[in-house]
Amino acid sequence: MSSRSVTFDRQPIEGILALSPLCMDESYEIDYDGIRENIQWLEDQGVHGFIQFATMGQSMAPSEEEFDRVAEVCAEAADDITYILGSSAPNQQEAMRRAKKAEAVGADGTLLELPYMIPLQQEWVGDFYSAFDEELEELGIIVYNYPPATDVDITPETWQEELIELDAVKAVKDSNYATDHYDRILNLSDQVNVISPYDCPFWHDSQLGGQGFIGILTWAAPQTMLRFYEECRAGNHHDEWVREVNSTLAEVWGDVASLPDRPMGSNSPAILHELADLSDRPTGPVRDPYRRLHGEAVEALHEAVEPLRAIERRLPA
719 MSSRSVTFDR
729 QPIEGILALS
739 PLCMDESYEI
749 DYDGIRENIQ
759 WLEDQGVHGF
769 IQFATMGQSM
779 APSEEEFDRV
789 AEVCAEAADD
799 ITYILGSSAP
809 NQQEAMRRAK
819 KAEAVGADGT
829 LLELPYMIPL
839 QQEWVGDFYS
849 AFDEELEELG
859 IIVYNYPPAT
869 DVDITPETWQ
879 EELIELDAVK
889 AVKDSNYATD
899 HYDRILNLSD
909 QVNVISPYDC
919 PFWHDSQLGG
929 QGFIGILTWA
939 APQTMLRFYE
949 ECRAGNHHDE
959 WVREVNSTLA
969 EVWGDVASLP
979 DRPMGSNSPA
989 ILHELADLSD
999 RPTGPVRDPY
1009 RRLHGEAVEA
1019 LHEAVEPLRA
1029 IERRLPA
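Here our numbering runs 718 ahead of the position in the sequence shown, where the first position is 1.
None of these hints come from the bench; they were simulated from the model. Worth double-checking, as some hints may not be accurate.
Taking CB as the label site, the calculated pair distances span [said to hold, decoys possible]:
(1) E879 <-> E1017: 41 to 51 angstroms
(2) A822 <-> E962: 36 to 46 angstroms
(3) D908 <-> Y746: 41 to 51 angstroms
(4) R961 <-> Q811: 45 to 55 angstroms
(5) G972 <-> P865: 28 to 38 angstroms
(6) N954 <-> E782: 20 to 30 angstroms
(7) N954 <-> E1017: 33 to 43 angstroms
(8) W842 <-> R1032: 48 to 58 angstroms
Remember, it's a predicted structure, so these values are computed and weren't measured experimentally. Don't be surprised by glycine CBs; every beta carbon is placed ideally from N, CA and C.
Whenever a hint applies, use it, and build me the whole structure from the sequences.
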């Protein structure tokens, strides 16, 4: 097994990487100005990076033309902030096209899960990512293991035997939360940047080498999450404030993930929109066939997130 350390040709894939909503206007057309505004807001807040076209950011929604235009808009809007463009698609050909577009416009990395129309066999996983490693010159890949969508769980053995050797593979977002799997992925943290799949696991992951997390609740309390990230990276896990935030995140996420009559899987884009709305960010509708949350679920989400926002309000101005 390789002992390589992680190096980057473009900006590092680390820190808080906020999922960026796919903004829409009332005609369900993409609101490019809204996307620009949100990127600028994240940068003004000090958030380290963003991911456009993750699952919660409706990676399934755009046409080829819309994808390309959003890619260009993000490149224009991103300044010092790390720019990750998701390239996941139902088939390898479209995923490759998206990844090459990401590299061409100047993105720093791409979030790439396996094709999700027909599940791959485990022995095909290495070949899939090897094809991207051969085609990309500078773009870093975040391998996204998301078994609920792909019906494939990328095993630690596949990582050790195949993926860790690929130069383009710089990071992993693993959404298999089973301890016997996830901690083995964290054991690779000296060879690939482990990015927690959402805000809450970072307290644990950062103690085992985790380099950042996907910012979701970050939209509702950006300064709290930035300080939480910095304290964890500094090793202050048992500071009273850090422990308070960690326990609050666990409660908040549990409630957000179990909204009344709105399961997390099918409503994840709507949840991201609602969290961004809490900070008065542009979002708009969710593209059909998906929908925004109904009134009872919105009220429950606001109630769920309030303890985290209360911590935010206590921070020094």
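The hints, checked one at a time:
1. E879 <-> E1017: 41 to 51 angstroms: 49 angstroms, holds
2. A822 <-> E962: 36 to 46 angstroms: Check passed, 45 angstroms falls within 36 to 46 angstroms.
3. D908 <-> Y746: 41 to 51 angstroms: 45 angstroms, holds
4. R961 <-> Q811: 45 to 55 angstroms: 48 angstroms, holds
5. G972 <-> P865: 28 to 38 angstroms: 20 angstroms, violated
6. N954 <-> E782: 20 to 30 angstroms: Violated: the Cβ-Cβ distance is about 46 angstroms, outside 20 to 30 angstroms.
7. N954 <-> E1017: 33 to 43 angstroms: 35 angstroms, holds
8. W842 <-> R1032: 48 to 58 angstroms: The hinted range 48 to 58 angstroms holds for W842 and R1032, with Cβ atoms some 50 angstroms apart.
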